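Enquirer: Sequence:
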Amino acid sequence: IIKAAEKISPSRRLFIITNSKGAVKKLTLLAARNEQRGWLDYPDNADVFRHAIAVLRSRAAETTLACVTKKHHRPETVLMEATSRRAMTAARDVASGRAVPADLEKYDAPGAQLHGITQKTAHEVIKQIRAHATPERRRTRVNLNTVKTAVQRQNGSAPTEDQIWAAIKSRDLSRNVRNFLWKALHSGHKIGGYFTHMPAPWCDYAACPLCNTTEDLQHILFACASRERETIWQLASNFVADRLGPWPVLDLGSVLGCMLLEFSPDDNPTCGLTRAMRIIISESAFLIWKIRCERRIEYEDNLDDSPSKEEITGRWHTAINARISHDRHLTNRRRYKGKALDEDLVLNTWDGLLELPENVPANWI
Numbered sequence: 023i024i025k026a027a028e029k030i031s032p033s034r035r036l037f038i039i040t041n042s043k044g045a046v047k048k049l050t051l052l053a054a055r056n057e058q059r060g061w062l063d064y065p066d067n068a069d070v071f072r073h074a075i076a077v078l079r080s081r082a083a084e085t086t087l088a089c090v091t092k093k094h095h096r097p098e099t100v101l102m103e104a105t106s107r108r109a110m111t112a113a114r115d116v117a118s119g120r121a122v123p124a125d126l127e128k129y130d131a132p133g134a135q136l137h138g139i140t141q142k143t144a145h146e147v148i149k150q151i152r153a154h155a156t157p158e159r160r161r162t163r164v165n166l167n168t169v170k171t172a173v174q175r176q177n178g179s180a181p182t183e184d185q186i187w188a189a190i191k192s193r194d195l196s197r198n199v200r201n202f203l204w205k206a207l208h209s210g211h212k213i214g215g216y217f218t219h220m221p222a223p224w225c226d227y228a229a230c231p232l233c234n235t236t237e238d239l240q241h242i243l244f245a246c247a248s249r250e251r252e253t254i255w256q257l258a259s260n261f262v263a264d265r266l267g268p269w270p271v272l273d274l275g276s277v278l279g280c281m282l283l284e285f286s287p288d289d290n291p292t293c294g295l296t297r298a299m300r301i302i303i304s305e306s307a308f309l310i311w312k313i314r315c316e317r318r319i320e321y322e323d324n325l326d327d328s329p330s331k332e333e334i335t336g337r338w339h340t341a342i343n344a345r346i347s348h349d350r351h352l353t354n355r356r357r358y359k360g361k362a363l364d365e366d367l368v369l370n371t372w373d374g375l376l377e378l379p380e381n382v383p384a385n386w387i
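The numbering of the sequence shown is my numbering, which starts it at 23 and goes up by one.
Treat each hint with caution, since some may be false.
Unchecked claim - Label pairs and their in silico Cβ distance ranges: (1) Val382 <-> Ala245: 37 to 45 Å; (2) His154 <-> Ser179: 25 to 33 Å; (3) Ala82 <-> Leu51: 17 to 25 Å; (4) Asn41 <-> Glu320: 45 to 53 Å; (5) Trp187 <-> Pro132: 18 to 26 Å; (6) His154 <-> Asn234: 40 to 48 Å; (7) Arg265 <-> Pro157: 40 to 48 Å.
The set of hints was computed from the structure by calculation and includes no laboratory data.
Just so we're clear, the structure is a prediction, and the values are computed from it rather than from any experiment.
The C-beta atom is built at its ideal place from N, Cα and C for all residues, glycine as well.
Could you build the full structure based on these sequences and the hints that come with them?
Expert: This is how it looks when you write it as structure tokens:
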């Protein structure tokens, strides 16, 4: 929208077509409210919307914004979709900060209006200012770089940091897994070096008793000689072998960025196989972590009392079956309305992975 408004002469009428209904509403119907609140509801994109508003205001001629999607079957749709894909690709290489140009500052309205501001809104503004001033955590930066490397190895392109943080909020992640990944991105789990300088007996928790090396998540999930790690990754590999082929190379970055990984031939993130792999990787990693904690804390590293291979196998199948059942329930449009999952998406996700009786219909949901 910004580029279109900048390219066309301000004295010529402009008709802009986009596939983003949200962008059109924010720049038209909700523009006055958003400016009054200082774009408080969209902190990540506030600078972009302010720039767009300033550019549109600077035009003397009439400017029209319209939202068109595939269902409208208009000739502009094909061109618009192609342009949108190119814009998404280019956006990955653009810095997040975007200042309004000096020649457009007179058309800009920065900050929230004091007239009519509520105490709640004022507190939200203060919290956002303080959040921007929070210093960067070194371990978080290391983990973010690990995710970028892993995703680039699988997809061919690295994600932005905003995409990484948004990905761990995906609705395809269960709440417990979401919390686990968020804490892992911040290196917040109490393992390894956390116990190194503590007095006995706590310092003994720093080292892995099976491998005699300092524990970290990379070791726990991908290098440890533990029963749970070997069993669960083998189960996951066998589960998708017929549909996926060779199991991909995974590491800690792959788990932390699992919701960004793509496994479909056409690189379509909505593909059923991609969604299935994201769920399987996240659930498998979280189950390894849970059983490891039981072995080390509840059973005090006693391998005889720790979960056996048969129990681990049963718990993994239970976790995956629970996700399949959860998917089925979320397709209920009467209950969840617009938030319900699409039935075709669920069917494509688990297609060819389930052992179904012969008399089960194609739509088993």
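Enquirer: Now look at each hint and say whether the structure bears it out.
Expert: Hint by hint, here is what the structure shows:
1. Val382 <-> Ala245: 37 to 45 Å: Since the Cβ atoms of Val382 and Ala245 sit about 40 Å apart, the hinted range of 37 to 45 Å holds.
2. His154 <-> Ser179: 25 to 33 Å: The hint (25 to 33 Å, Cβ to Cβ) holds, given that His154 and Ser179 are roughly 27 Å apart.
3. Ala82 <-> Leu51: 17 to 25 Å: 22 Å, holds
4. Asn41 <-> Glu320: 45 to 53 Å: Check passed, 51 Å falls within 45 to 53 Å.
5. Trp187 <-> Pro132: 18 to 26 Å: Hint holds: Cβ distance 25 Å, inside 18 to 26 Å.
6. His154 <-> Asn234: 40 to 48 Å: 44 Å, holds
7. Arg265 <-> Pro157: 40 to 48 Å: Cβ of Arg265 to Cβ of Pro157: about 45 Å, so the range 40 to 48 Å holds.
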